[in-house]
Structure formats: structure tokens, C-alpha cells
Amino acid sequence: MTEKQSHLEHSVDQMMAALDGDYSHVSIHEVSSQSAPQYSAQEIKAIRKAVDLSQLLLAAVLAVSPRTVKAWEIGRSRPSRTACRLLEVIQKDPSVIELLIGD
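The sequence shown begins at 465 in our numbering and counts up by one.
Just so you know, the hints here were simulated from the structure itself, not pulled from any lab data. C-beta: ideal position from N, C-alpha, C; glycine also. Among the clues, some could well be false.
Label-pair restraints from in silico Cβ distances [unchecked claim]:
(1) V495 / R540: 42 to 52 Å
(2) S541 / M479: 41 to 51 Å
(3) H493 / R545: 37 to 47 Å
(4) A482 / A527: 29 to 39 Å
(5) T546 / D486: 13 to 23 Å
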């Protein structure tokens, strides 16, 4: 048996014990996160321009259609929470654009 298998079996045993009510080997970590910000049409356009992307390229980065980006920027629709989180990350660190494009 490999060390990895042994560790996995140990973890499964601990999980089974917890399911049976034995929490002596359980650690609980509370994690909180802030909700994704909501962006106005003007803010979305400002973010896009600040990182020097066209609507077409921003759409590619966010995996949405160019028509969707245009609709956000004119206020016809609003981005999803996931898109807002990605916009927030792009705004804070534009270098992530390269990772999101995946070249």
C-alpha cells in the first residue's frame, strides 16, 4: 500500500467516524466571503477601457458574447454574479486577463 492510499484510507476512516458522531478528529474552519460587487453600465465600460480591451476581447475573456457585453454597457442587462466577480478580479489585477484568455 502506498503512502497516498494509506492517507486516503485514514481520511475515510475519520469521515466515517464523524458520520457516526465522533468529531474528535474533525477540524472546522469557517470561511466568509464578500458578495460579488454589482457594476453599473458605466463602471463596466470604465473597467474595460482601463484594461484596454475591446468589447469583443472582454467578451472572450469573460466567456460571453460580444452582444452581452454591449447590453451590459448600455444598461439593457446586468452581468451575472460570476461575471461581476471576474470583472472585480480584472479590475484589481489586470494581469489575470492573460490567464483567462488561456493562450
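- For the pair V495 and R540, does the Cβ-Cβ distance stay inside 42 to 52 Å? For R540 against V495, whose Cβ atoms are near 35 Å apart, the range 42 to 52 Å is violated.
**Report entry** Range hint compliance [Cβ, H493 to R545, 37 to 47 Å]
**Finding:** Since H493 and R545 have Cβ atoms about 23 Å apart, the given range 37 to 47 Å is violated.
Notebook entry, point to check: Is it true that the C-beta distance of A482 to A527 lies inside 29 to 39 Å, as the hint says?
Noted result: 38 Å, holds
Given the range 41 to 51 Å, decide if the beta-carbon distance of S541 to M479 lies inside it. 43 Å, holds
Does the beta carbon distance between T546 and D486 stay inside 13 to 23 Å, or does it fall outside?
38 Å, violated
Hint check: violations occur at hints 1, 3 and 5; the rest are consistent with the structure.
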